[in-house]
Amino acid sequence: MGTTRPGEGTLIDQGASLLGADAREAGSVGPPTFDFRRPSKFGREHVRTLENLHESFARRFATSLSHALRAIVQLRPIAVEELTYENYVRALPNPSALTLVSLRPLPGEVIVETEASLALTLIDRALGGLGSPAALRRLTDLETVLFADVMRVGVGAFRETFAPVLDVEPEVLGVETNPSFLQVVPPSETILLLSYAFSISGSSTVEGLLTLCYPHPTLQPAMDRLQRHVTVEAVVQPEPEGREPWMTEHLAEATVTVSACLNTTTVAARDIAGLAPGDVLSLDHRVDEPVRLLVHGVDLMAGFLGRRGKRLGVRLVGWRTEGS
1 MGTTRPGEGT LIDQGASLLG ADAREAGSVG PPTFDFRRPS KFGREHVRTL
51 ENLHESFARR FATSLSHALR AIVQLRPIAV EELTYENYVR ALPNPSALTL
101 VSLRPLPGEV IVETEASLAL TLIDRALGGL GSPAALRRLT DLETVLFADV
151 MRVGVGAFRE TFAPVLDVEP EVLGVETNPS FLQVVPPSET ILLLSYAFSI
201 SGSSTVEGLL TLCYPHPTLQ PAMDRLQRHV TVEAVVQPEP EGREPWMTEH
251 LAEATVTVSA CLNTTTVAAR DIAGLAPGDV LSLDHRVDEP VRLLVHGVDL
301 MAGFLGRRGK RLGVRLVGWR TEGS
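When the sequence shown is numbered by the working numbering, its final residue is 324 and no position is left out of the sequence of numbers.
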């Protein structure tokens with residue numbers, strides 16, 4: 001996303017930190033330092049709760065896109081930081097792919113940002129291409145519409161993310177490619193930024209960055225619910241000692257059914273009626289495309305078809321989603 005990261009400290013910030021350290025060493029007592037350029041509006045408990053809730057966002061978002069794009073999509077949390085909207089926009093590359101999402105009944109909008117080159121890769125994959133790395137350029141009007149359709153598949157993850165505290169209805173409002181044209185809040189407003197490492201694997205692996213920008217006014221109505229969620233988590237009783245080893249021991253003895261699934265193919269009824277022994281039915285699954293491995297019907301792993309001796313086999317390449 002460029003060499004300047006959102007919220008990166010300036011020389012003035014570093015100087016203030018040094019002065020603060022000298023004052024502590026001298027044993028002086030004074031008022032706490034408050035940076036008016038970067039005011040803190042999110043409590044640590046709120047940030048921690050949102051970070052925990054968004055673990056499900058990463059899983060659901062990756063799973064939804066994996067099914068839609070027929071590829072292995074992974075989303076791994078990197079960082080959570082609080083900064084001003086002005087600093088956030090200034091650090092974004094131009095062009096970008098900025099998806100504007102509403103989360104009714106919460107006010108305002110949330111921004112889901114990816115690099116334009118990564119957006120082009122997702123579009124290519126959605127259209128049946130290999131999803132190869134794309135050169136950085138601005139999306140055309142048609143590509144903007146196609147990318148919005150891809151994001152509509154993924155943003156449903158917001159519904160599950162906020163389910164423990166609030167019922168929200170995510171909706172893609174549009175896609176912007178120039179960060180300067182997207183003014184969802186005043187420049188001085190505080191936002192919470194969640195960053196994820198994004199990767200999509202098909203015939204090749206393409207990596208990039210995905211960020212979620214939450215303006216403070218959007219989350220403010222949910223603050224009380226987030227606080228109550230923290231309180232409930234604090235009083236949850238821990239698991240009895242010895243239970244986990246017992247479950248692990250018995251789980252190891254269980255037998256499970258593993259199946260490899262190819263992509264589905266649409267065939268006209270008249271073609272099905274005319275099939276005869278010896279006919280070859282072409283599937284909508286390329287030879288270089290990974291298959292999905294289901295464990296008791298749960299989509300967990302991915303791999304490539306092959307042969308071992310006289311039997312078909314699957315070479316595992318990884319989990320379908322990070323942390324699953």
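Take the hints with a grain of salt, since some may be wrong.
[Said to hold, decoys possible] Here are the computed lysine to aspartate or glutamate pairs in the EDC-like style, where the Cα-Cα straight-line distance is at most 20 Å:
(1) 310 x 279
(2) 310 x 271
(3) 41 x 189
(4) 41 x 82
(5) 310 x 299
(6) 41 x 224
For the record, the hints were derived by calculation from the structure and aren't laboratory data.
Here is how each hint holds up against the structure:
At most 20 Å may separate the alpha-carbon atoms for a hinted pair to count; residue 310 and residue 279 exceed this at roughly 23 Å. Straight-line distance between C-alpha atoms of residue 310 and residue 271 comes to about 32 Å, which puts the hinted pair past the 20 Å bound. This hinted pair checks out: residue 41 and residue 189 have alpha carbons roughly 10 Å apart, not beyond 20 Å. As the CA atoms of residue 41 and residue 82 are separated by approximately 9 Å, the hinted pair is consistent with the 20 Å bound.
Of the supplied pair hints, the one linking residue 310 and residue 299 is violated, its CA atoms being roughly 27 Å apart against a limit of 20 Å. Our distance criterion of 20 Å between C-alpha atoms is met by residue 41 and residue 224, whose separation comes to about 14 Å.
Violated hints for the displayed structure, listed by number in ascending order: 1, 2, 5.
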